[in-house]
Amino acid sequence: MRRFFSLRREADVGPADAPVWERPLDEAPYFVVDLETSGFSPARDIILSLACATFSGAGAEPDDTYYAVVRQDDVSQVPAQVWALTGLSPRDVREGAPLEAVLRRCLELGAGRVWIAHHVRHDLGFLQRAADAMWRLRLRPLSIDTAVVGQVLARAPRPLSLDEACAWLGIPVAGRHQADADVRLTSAVWRAEMALCRRLGLQTVKDVIDWVSARAMG
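Mapped onto UniProt numbering, the consecutive letters of the sequence shown carry residue numbers 1 to 218.
It is worth saying that the hints were derived from the structure and are not from the lab.
Please note: incorrect hints may appear among the correct ones.
So the derived label-pair ranges between C-beta atoms look like this [claimed, not checked]:
hint, residue 1, residue 2, range
1, 138, 19, 18 to 26 Å
2, 79, 18, 41 to 49 Å
3, 100, 198, 35 to 43 Å
4, 84, 198, 34 to 42 Å
5, 167, 100, 16 to 24 Å
6, 198, 172, 17 to 25 Å
7, 196, 172, 33 to 41 Å
8, 215, 22, 14 to 22 Å
9, 18, 98, 20 to 28 Å
Note that CB positions come from ideal geometry on N, CA and C, so glycine has one too.
Modelling step: build the complete structure from the supplied sequences, incorporating the hints.
Here it is, written out as structure tokens:
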């Protein structure tokens, strides 16, 4: 029987606390995640590295960070351009940490938080496939895609790439296509987008999700 894991712990919804989706943007707990993969298909490609960070509200400094290269025994299908982009090597990946340990740590840090990612479907697709294969676990995090938020705020015709979002928001770019660097950039993008959302009168996580969903689909 398939198990479901909502990533929302009861301890995070006590009588004195609102659920995370009802909390003000500058008070909600966030979890930013980024993967480097060998391609775009969770069914065919592999995870090479994972980075994540937690932070509270609009704080610039993370509460916790985690980065790991993921061990893969067969890297023969990884394109040469992926090694060049990520700065990883076949040896790095063959000597990496077990995927189960990496995923377990990721889910521990993400529990009870709003997940933030740039092109969140990509990251969640790979994480879901791994969680399903190892534990028959269904992931259902409350998530925000900074690429789509940027699209709506900038009135762009499509979701912004991370480079485009950083350029639009005036965020210096360094270390692109390295998971830990991309987590730092995505965190900075979300903080900037959060400020713009508040200026529009959006107060809570739910406000942003509802507002963005209506405009991205409309």
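Quiz item: Can you name, in rising order, the numbers of the hints this structure does not satisfy?
Solution: Numbers 5, 7, 9, in rising order.
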